[in-house]
Amino acid sequence: MGKSAYQARLRLYDKDENDKVILEWLKTIPRGTQNALIKKKLVQAILMERLGAGSAAVVTESKQFSEIRVMAETVEVLAVEQSKEDVYRHMDQVLKGLDDL
Amino acid sequence: MEMGIDIGYGVTKAVRSDGQVKHFRSVVGLGMPDTFGIAHDNFTVVRINGEAYTVGEEAEKYRLPLITVRSRNSIESIAYRALLLACIGEDVSGRHAIVTGLPLGYYNADKSRVVKKFRETLPICEIKVVPQPIGTFYDLLFDDKGDVRYADFMDRKIAVIDIGTYTTDLLVMDKATPVAGVSGCVEIGIDTLTKNIIKSLLPLRRNISSGEIEKAINTNTIKKEGQEMDISDIMAENKSAIAANIWSWVQSRLGTEEDIDVLILTGGGGEILRSYFVQGNIIMPNSPFLSNATGFCKIARRLYGKVGVSG
Numbered sequence: 001m002g003k004s005a006y007q008a009r010l011r012l013y014d015k016d017e018n019d020k021v022i023l024e025w026l027k028t029i030p031r032g033t034q035n036a037l038i039k040k041k042l043v044q045a046i047l048m049e050r051l052g053a054g055s056a057a058v059v060t061e062s063k064q065f066s067e068i069r070v071m072a073e074t075v076e077v078l079a080v081e082q083s084k085e086d087v088y089r090h091m092d093q094v095l096k097g098l099d100d101l
Numbered sequence: 001m002e003m004g005i006d007i008g009y010g011v012t013k014a015v016r017s018d019g020q021v022k023h024f025r026s027v028v029g030l031g032m033p034d035t036f037g038i039a040h041d042n043f044t045v046v047r048i049n050g051e052a053y054t055v056g057e058e059a060e061k062y063r064l065p066l067i068t069v070r071s072r073n074s075i076e077s078i079a080y081r082a083l084l085l086a087c088i089g090e091d092v093s094g095r096h097a098i099v100t101g102l103p104l105g106y107y108n109a110d111k112s113r114v115v116k117k118f119r120e121t122l123p124i125c126e127i128k129v130v131p132q133p134i135g136t137f138y139d140l141l142f143d144d145k146g147d148v149r150y151a152d153f154m155d156r157k158i159a160v161i162d163i164g165t166y167t168t169d170l171l172v173m174d175k176a177t178p179v180a181g182v183s184g185c186v187e188i189g190i191d192t193l194t195k196n197i198i199k200s201l202l203p204l205r206r207n208i209s210s211g212e213i214e215k216a217i218n219t220n221t222i223k224k225e226g227q228e229m230d231i232s233d234i235m236a237e238n239k240s241a242i243a244a245n246i247w248s249w250v251q252s253r254l255g256t257e258e259d260i261d262v263l264i265l266t267g268g269g270g271e272i273l274r275s276y277f278v279q280g281n282i283i284m285p286n287s288p289f290l291s292n293a294t295g296f297c298k299i300a301r302r303l304y305g306k307v308g309v310s311g
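Chains as they are written, first to last, in the numbering used here: chain V, 1 to 101; chain A, 1 to 311.
Bound-form chain V, shown alone (with noise of 0.2 Å):
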């Protein structure tokens, strides 16, 4: 499915439209998609009940940081970045934490 017919999906989600048609499309799409995409959609939402009505809400992603964007105030999740000898250190204190059991 190309960007603007998945943006008109999207809109089409949005506005609480036809949930049928909604529905067969989600059928189409790979389980991991459809979890991301109704994650995103309840972030949007919990963030627009506690701003209230007529807030709009961004959720931005990527594969290594995720923030969320609500309006003008950012609130920042906790960033994946991690450097490889963080990875390895905890990695270590797991292993470690096996000999203790």
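None of these hints come from the bench; they were simulated from the model.
Just so you know, these numbers come straight off a predicted model, no measurement behind them.
Glycine included, C-beta positions come from ideal geometry on N, C-alpha and C.
A portion of the hints provided could be inaccurate.
Straight-line Cα separation of at most 35 Å, DSBU-like style, residue types lysine-lysine; simulated pairs [said to hold, decoys possible]: (1) A:Lys61 x V:Lys96; (2) V:Lys96 x A:Lys116; (3) A:Lys157 x A:Lys175; (4) V:Lys41 x A:Lys116; (5) A:Lys306 x V:Lys84.
To spell it out: a stretch of chain A is covered by chain V in this simulated footprint if at least three of its residues, at any positions, have a beta carbon under 8 Å from a beta carbon of chain V; those stretches are [said to hold, decoys possible]: (6) 130-138; (7) 171-179; (8) 212-219; (9) 294-305.
Each pair of labels, with its calculated beta carbon distance range [unchecked claim]: (10) A:Lys116 x V:Leu42: 47 to 55 Å; (11) A:Arg95 x V:Asp92: 34 to 42 Å; (12) V:Gln34 x A:Ser287: 24 to 32 Å; (13) A:Lys223 x V:Gln93: 48 to 56 Å; (14) A:Arg253 x V:Arg89: 45 to 53 Å; (15) A:Ala52 x V:Asp99: 31 to 39 Å; (16) V:Leu42 x A:Lys175: 47 to 55 Å; (17) A:Lys224 x V:Gln34: 42 to 50 Å; (18) V:Gln93 x A:Ser232: 42 to 50 Å.
Starting from the known structure of chain V, arrange chain A on it as the hints suggest.
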């Protein structure tokens, strides 16, 4: 030499840091094959207290009296030591740094017994025991050079489903930390599949060996009266049923699959049953059959070979 060793109930696998890989069936025969004087070069024979033991498929082929490791207590058996020695090869007195694994269900109780048995067999060795599926997690997390392959594993909830010969292990890693409560082990594996296929084939053929079924799992055919017979429908039906049983057990442990970001399917059984798991967020290592042992070897290189240490 750093090494990962996975002594499974069905198959034993060894991966060395120099790239050598060995795998053989976890069966041990008493003595050596009688080949009417023809050379014994193709057999893996080890000696324990002066007695010879033949390890792997050849022990079955030459109808030697067999000792299997199909029980939890096999750690104490001579067969377990023979399999370990077969992994090591001739350099028994050398210095080895080994990481091995245990099924999750027995990890806490049997860890010290495994360490003791390794030290008895290989006096100059460093040994570390980890829960088996951690091997696959580590194998996927780091590539062969020691670089991080999937950085996002550090911030996600991952479930490793490790389907072995007799058991399936589930290990949940939340932000790369094991979650003991939902992880566990169930006695369903490729042996269950083999037995079910034998039952399904009874109306067509009797006396089918496990070896024939193992071959049929890949070819979808079986011999009847000298002809290859197509049994793909029977295979698909049984594979689908086993995969559904495993998935049902996994779901009962996880509560809801939506809570898990990535499912990793591994083990020899993972490879066989992959197409019967339809969840969208599944990934598999390049070689699921060897992934635990490869991960153990990477852990050994890290712990004893200092891979990834800077400065």
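| Hint check against the structure, violated hint numbers in rising order | 1, 4, 8, 11, 14 and 16
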